[in-house]
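So the protein sequences, as listed, match chains D and E.
The first sequence runs 289 to 524 under this note's numbering.
The second sequence runs 293 to 823 under this note's numbering.
In short, the hints are calculated from the structure, not lab data.
The model shown is predicted, which means the values in this text are computed figures rather than measured ones.
Accuracy of the hints is not assured; some may be wrong.
Here are the computed distance ranges between Cβ atoms for each label pair [claimed, not checked]: (1) T771(E) to S378(D): 52 to 60 Å; (2) I374(D) to F563(E): 53 to 61 Å; (3) K599(E) to C395(D): 33 to 41 Å; (4) T438(D) to S739(E): 56 to 64 Å; (5) D384(E) to K398(D): 55 to 63 Å; (6) C395(D) to D351(E): 48 to 56 Å; (7) P394(D) to T771(E): 30 to 38 Å; (8) L806(E) to T438(D): 25 to 33 Å; (9) K398(D) to P578(E): 57 to 65 Å.
With a straight-line Cα cutoff of 30 Å, these simulated DSS-like cross-link-like pairs (lysine-lysine) come out [claimed, not checked]: (10) K357(D) to K413(E); (11) K714(E) to K356(D); (12) K495(E) to K398(D).
Ideal Cβ placement from N, Cα and C applies to all residues, glycine included.
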Amino acid sequence: MQAKKSKKTDTSASRRTNRHSTISRPLAQAVTPVGKKAVTPVTPYIKALPRDPEWIYAFWELPDKAAKKPMLQVFDVTANNKPSAIPVQSIEITGDADNWYIHVPPCGHKYAVELGLSTPGGSFHSVARSNVVALPRAAVSRHTTVEWATPHANIVQQSSPAPLTQEEAAYYEVVRMHPPTTASSRSITTYLSNKRPPAYRTLNPQMLLTPAPITVEYATIAIAPVSSTALVRSLP
Amino acid sequence: MPTLSPPLYPRGYLALVLHAHLPYVRHPEHDYFMEENWLYEAMTETYIPLLIMFENLVDDGIPFKITMSMSPTVCSMLTDSLLQERYTKYIDRLIELAEREIERTRNNPAFETCAQMYLHKFSHCRRISQVNLVTQFKALQDKGYLEIITCGATHGYFPVMQYNPRAVNAQIAVAVRSYEKFFDRHPGGIWLPECGYYPGIEKLLENNNLSYFFSDAHGLLFAEPQPKHGVYAPIYCRGTGVAAFARDNASSKAVWSALEGYPGDENYREFYRDIGFDLDFNYIKPYIDPIGIRLNTGIKYYRITGKTELKKPYDHNAALARAVEHARDFLFKRGQQAEQVAATMDRPPIIVAPYDAELFGHWWYEGPDWLNYLIRKIAFEQDTIALVTPSDYLAAHPTNQVCSPSYSSWGDKGYSDVWIDKSNDWIYRHLHSMEEKMTTCAKAYNSATGITRRALNQMARELLLAQASDWAFIMKTGTMVQYAERRTREHVANFTRLEKDLREHALDKNFISLLESHNNIFPEISYRVYA
C-alpha cells in the first residue's frame with residue numbers, strides 16, 4: 289500500500305501570530321475558527337483532486353466518527369466511468385486524518401474514491417463517493433493521425449461587450465456623474481458612449497508586423513484620480 | 293543592410309510573452325503596510341522601466357510586437373487612488389534616500405556613480421507614475437506594439453477548482469469584464485494562471501470569446517493525438533476554436549535558470565545586497581519598515597561577482613555590455629532553432645517565450661535592457677526571426693492541428709505539486725465549500741436588490757480574493773507564510789459571515805460597507821456570474 293499520510297497543518301496560535309495580526313484588527317471574527325476544520329458542519333462528503341500523473345489528493349468530512357473506523361476505497365473507472373467491482377486500493381485511515389495523498393500508478397487512468405466505515409465484522413459501509421479524477425498520461429501519445437481545422441471565425445470576428453448588468457449600469461452611472469478626470473474613468477465613459485472595441489484586424493502576414501503610426505500624446509492625459517472607494521460607497 | 297521593417301518571409305517567429313501579476317494587496321486600515329511594497333517595487337523596477345523602454349523604441353521608430361498579460365489584480369492596484377498616492381510617498385522617500393546616498397558615497401566613485409543612477413531612475417519613476425500605468429500600457433496596445441491579454445480574475449489556479457465549472461467561469465468572466473473596462477476592447481487571449489490547464493477549460497474560454505491561451509511544453513507534447521509540429525505550432529483544442537500555444541523550453545531556461553541562465557552572470561547586479569540590510573540602523577531607519585524591520589530599499593551597490601561573500605562594486609555599464617552579449621546569444625540561438633525546425637515544417641515555426649514580467653528589472657535588474665537590445669537586434673541585425681503575437685500568428689496561419697492538450701502547469705514538476713502540498717492543502721476544503729455556497733446563493737437569488745445584492749456581490753469578491761493562487765504558492769515557498777495564511781483566513785471568514793447573515797436574514801450594513809471599502813476590487817462585479 290503506497291499511501292502517504294499528509295502531515296497536519298499546525299494551526300496553533302503561536303504559528304498564527306505574526307506582527308500583522310498583532311497590530312491590525314481582523315476584518316471579521318470567524319464564525320467558527322477557520323483552520324483546518326470545515327467552516328460549518330456538513331453532510332459527509334469526499335472530494336478528490338489530481339495532483340500529478342500518479343497522485344490523488346483526497347479530503348473529506350465525516351461528522352460522526354463513532355466507534356467505526358473510516359476507510360477509503362479507490363476504484364479504477366477508466367472504462368466508461370463505471371467502477372470495477374473490486375477496489376484497486378483500500379486504505380485504513382489512521383488517527384483523525386481528514387485528507388490523504390493516494391499513490392495510484394500507472395498514469396492516465398480515471399479514479400473515484402469512496403469514503404466508508406469498516407464495521408466490526410470487517411465489511412465496508414460506503415458513506416460518500418468522490419468526483420471522478422482523470423490523471424494525465426504523462427507521455428507522448430502513440431496516435432499520430434493529423435486533423436486540421438480553420439475555426440477562424442473566432443479570431444476575425446468582432447467581439448462586442450455583453451449588455452450591462454444592473455451592477456455595471458449603476459457603477460457607470462456613478463462614474464458619469466463625476467467629471468471624467470482620470471484615465472480609468474475616461475475609458476469607462478468612452479466605453480459608455482457605445483464605442484465598440486475594435487475588431488481584430490484581419491491581416492496578412494506582411495501587415496501584421498508594422499505598427500500603426502504614433503498618435504497619442506501623453507501630455508493630454510489628466511492625472512488626478514477619482515477614488516474608486518468613493519464610487520463603491522455610492523452604489524445602492 | 294539594416295532594415296527597419298520586419299522580414300517578409302522570416303524563417304521563424306518569436307512570441308515574447310510577459311506575464312505581469314501580483315496579488316491584490318491593499319490595506320487602507322494601516323498607514324503603512326509592508327506587503328504593499330510588492331507593488332511599489334514592481335512599479336519601480338519592472339513596470340516603469342518596461343514602459344520607458346517601450347516608449348524609447350517607439351520614439352526611435354523601431355517596430356516590435358510583444359504580448360503582455362496584465363492580471364486584473366495588477367490593473368486594479370495600478371488604478372487605485374489610495375495605492376497611487378502611497379506610491380508617490382514611497383518614491384519620494386526613495387528619492388530622498390538616493391540624494392543622501394550621493395552625499396554619503398562622495399568619496400567612493402564606484403558607489404557614487406551607482407547612487408546617481410538610482411536618483412536618476414527614481415526621478416523618472418516619480419514623473420511617469422503620475423499617470424496611471426494601465427493607461428500607458430493601453431496606449432502602447434492601441435498603437436499596435438503590445439498585445440495585452442487577460443488572466444484569471446485573481447489569478448486563481450484553475451485545476452483545483454475544475455469540479456466546479458461555475459467557479460472557473462467566474463474567474464474568467466470577471467477578468468474579461470475587468471479587462472474591457474481598462475482597455476476598451478475585448479481581450480484576444482488569456483494567460484492561464486501558472487499555465488494551469490485541465491482538459492475541458494477550453495469550453496469556458498470559448499464561451500467567454502477568448503481565442504487562445506498558453507500551456508507549458510508538456511501540455512502540448514503529451515496532447516492526444518501527438519501534435520505534428522510539437523511546440524512549434526499552436527493546436528486547436530478539440531471541440532472548440534480555442535488555440536493553445538506551448539512554451540519553448542530552451543528559451544525559458546536561458547532566462548529563468550539562476551545558474552545556467554543569463555541573470556546569473558557575475559557582472560549583473562546582486563539582488564541580495566541591499567543597503568536596507570547593509571547600512572547602519574539609525575541611518576537607514578526612516579527608509580525601512582516603521583517598526584524597525586530591515587527590508588529591501590532597492591538601492592544595491594554590488595554585482596553578483598561569483599560564489600563569494602566578497603562582492604565587488606556594481607558597474608552598470610559593464611552589466612549593460614553583458615546584456616548586449618546575452619541578447620545576441622539569445623537571438624542567435626533562436627535563429628538556429630528556427631532554421632533547424634523550419635526545414636521540417638510547412639510554415640515558419642513559432643517559438644513561444646513566456647516570462648514573469650517581474651523577473652525583468654526586479655530579480656534580473658538588467659532584464660529590461662536585455663529585452664531592449666534583443667528587440668533592437670531583431671529589427672536591425674537579421675532577417676531570420678520576426679516578433680509576433682498569438683493573434684497575428686493565428687491570422688496569418690488560421691489552419692492548425694486539432695488535439696486535446698494534457699493536464700499541466702508550469703510549476704515545479706509540471707503539475708499541481710506546488711499548489712497541492714502539505715503546506716497548503718488545508719485551504720481547498722474551504723475554497724470548495726465557498727464555491728458551492730456561492731453558486732447555491734447565486735441561483736437562489738435571481739435578482740436581489742439593495743443590501744442583499746451588495747452582500748452577494750461582496751461574497752463573490754471575497755471568494756475570488758481567497759482563490760488567488762499566490763496564497764498557496766507563498767505557503768509552499770515558506771516566505772511571508774503568515775500573511776498568506778492570514779489573507780486566506782480573512783476572506784474565508786468574511787465570506788462565511790456574509791453567507792450566514794444572508795441565510796439568517798440578518799445582514800449587517802456596516803460590515804458590508806467596511807468590506808466594500810477594504811476589499812474593493814471589481815466594483816462592477818455581479819454575483820449573477822455564479823448563477
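Now the hints, each set against the structure:
| no. | hint | result |
| --- | --- | --- |
| 1 | T771(E) to S378(D): 52 to 60 Å | 40 Å, violated |
| 2 | I374(D) to F563(E): 53 to 61 Å | 55 Å, holds |
| 3 | K599(E) to C395(D): 33 to 41 Å | 39 Å, holds |
| 4 | T438(D) to S739(E): 56 to 64 Å | 41 Å, violated |
| 5 | D384(E) to K398(D): 55 to 63 Å | 58 Å, holds |
| 6 | C395(D) to D351(E): 48 to 56 Å | 53 Å, holds |
| 7 | P394(D) to T771(E): 30 to 38 Å | 36 Å, holds |
| 8 | L806(E) to T438(D): 25 to 33 Å | 53 Å, violated |
| 9 | K398(D) to P578(E): 57 to 65 Å | 60 Å, holds |
| 10 | K357(D) to K413(E) | 65 Å, violated |
| 11 | K714(E) to K356(D) | 26 Å, holds |
| 12 | K495(E) to K398(D) | 21 Å, holds |
The structure fails to meet hints 1, 4, 8 and 10 from the earlier list, while all remaining hints are met.
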